[in-house]
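Q: With chain X's structure known, arrange chain S with the ligands on it following the hints.
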Amino acid sequence: MEWLNAIVQGTLLGGLYALFAAGLSLIFGVMRLVNIAHGDLIVLAAYLGLTVTTATGMHPMAALVIVVPAMALIGYALQRGLLNQTLGDDILPPLLVTFGLSVIIQNGLLEVYTADPQTLNAGALETASVAIGGATLGKLPLLTFGIAIAVIWGLQWTFYHTALGRAFRAVSDNQDIAQLMGLNRRHIFGLAMALALGVTAIAGILLGIRTSFDPSIGGGRLIFGFEAVIIGGLGNLWGTLIGGVILGVAQTIGAKIDPGWQVLAGHIAFLVILAVRPNGLFPRVSG
Amino acid sequence: MPDPILQTRGLNAHYGDFQALYDVELDVGEGEVLAIIGANGAGKTTLMRSITGLLTNGPDQIHYRGQEISRLRADEVAELGLAMVPEGRQLFPSLSVKENLMIGAQVGRSGPWDLKAVYDLFPILEERKDQASTSLSGGQQQMVAIGRALMANPDLILFDEISLGLAPIIIKDIYEALPGIIGKGMSAIIVEQDITKALSVSSRVYCLQEGRVSLESASDTVSREDISRAYFGIE
Ligand SMILES: Nc1ncnc2c1ncn2[C@@H]1O[C@H](COP(=O)(O)OP(=O)(O)OP(=O)(O)O)[C@@H](O)[C@H]1O
Ligand SMILES: [Mg+2]
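Protein chains in written order, with this note's numbering: chain X, 166 to 452; chain S, 3 to 237.
Check before you lean on any hint, since a few could be wrong.
Not everything, but these chain S residues come out facing chain X in the computed CB check (under 7 Å) [claimed, not checked]: (1) Glu81; (2) Ser96; (3) Ile105.
Calculated from the structure, these hints are not laboratory results.
Everything numeric in this text was worked out from a predicted model, so none of it was measured.
By construction, the Cβ of each residue, glycine as well, lies at the ideal position given by its N, Cα and C atoms.
Chain X on its own, in the form it takes in the complex:
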């Protein structure tokens, strides 16, 4: 029963990892950009949430209505002002620039918010739980998992059933020909980054409610997100959710054996899967 409980908790934790990963996956899928600053952007969103909740007294979940559009705007501006200039045949410039961005965000957060750990106060939501078939599940992890499913379903729907998604796929397939069709790739990339950072905002707020955060934790979130994407298979959003779940379960089982093993167990699961299936569990069949 204890083990089952660990698996269930790990599954729910996987929802949070999937939210870390979804933005990474989207950006890589549309513009082949590996965003090293992704984890720091998640932390930035948590701090924006902190500022909004302390300034207005809003509940952190309600603060999403401000933080999501704010992060989306930042994403669009970042893409058009900086990242578009780094995209080309060479994959090194975007890596270097987003690495630099990661350092800048961390230092900026240190300046503004100091290194003190912070949390978002979500009141009763943090401790509330429901009993389901003998297991006691926290409402927050359940809510997080539900949001992860909703977000991934929403992204999937956007990709395959809207004009914007069609534009994303077309630009991803062939930038020149997409441009001939009247799609300005710089604008489309801006919209993709806006969408990705909108999702990142949700991930950041949920992270901030769940655990304490400080400016240095972005790198770890990047790794978890990255591992979830690779386990699931690049370019497959539902695979990313499953990747997050596998990572979460491996971590909680590891922690059960020895609390110090939590993160290590996740990395081991990642490496094993990478060794057995280098393209992840559910790679997108390329057309």
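A: What follows is chain S with the ligands alone, placed relative to chain X:
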């Protein structure tokens, strides 16, 4: 010749240090069908890419309806009513047949061409509309590429080697459909290796040779000797 819809003046194009076009001077009249012929590597595709804005041009080299378009991005050129059926079709593999067509309408120009009109022209595409574009035969893919360009309701449409790699019977079908396409007041540039086909559908013909215009003539009066000379550069 009627008023030009498109003019190039002293058009040069480069790939790095390599110059692919030299001082190309070309006029397309309103409603005219122009053929461009030339050997492999003569610069035909490069000329198409320059006109559509996929290559960056020098200033003042391309005019469309009196407007300077040399420095515009490809999406801006497309909005003005220029569309291209690119060499090798280049459909979007992640998009279904119908989505490939719909993305052609992305420029948002109104006119006679919509999904229904394209399906009327190529009924097989309606049957295949939900399939991946990669699952189609070469000829059907070419129909999608043509339909995709038409969906933009262009005033000037560029065809780059639409018969490339297709069976003769399919080429015949596509060329039979062409007058119905271009007839609706559009102007067209047809790049074609098959000289007989090129001359039969066009009113004037240009030949490119190593990046230069080596011949410009009316299609019905041009002689075979002139063409061989312009094509291969031999006397
Ligand atoms: N991307 C490129 N980089 C460098 N050189 C190029 C590139 N594309 C074309 N070229 C060169 O430019 C010249 C013109 O090529 P282009 O494709 O325009 O010829 P073409 O007339 O369309 O030939 P084909 O009949 O084979 O399609 C050729 O010498 C070709 O090798
Ligand atoms: Mg060519």
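Q: Take the shortest C-beta to C-beta distance between glutamate 81/S and chain X; is it under 7 Å?
A: Holds. Min distance 6 Å.
Q: Is the hint on isoleucine 105/S kept, meaning its closest Cβ partner in chain X is under 7 Å away?
A: holds (5 Å)
Q: Does serine 96/S pass the interface hint, meaning its C-beta sits closer than 7 Å to a C-beta of chain X?
A: holds (4 Å)
In the structure shown, no violation is registered for any of the earlier numbered hints.
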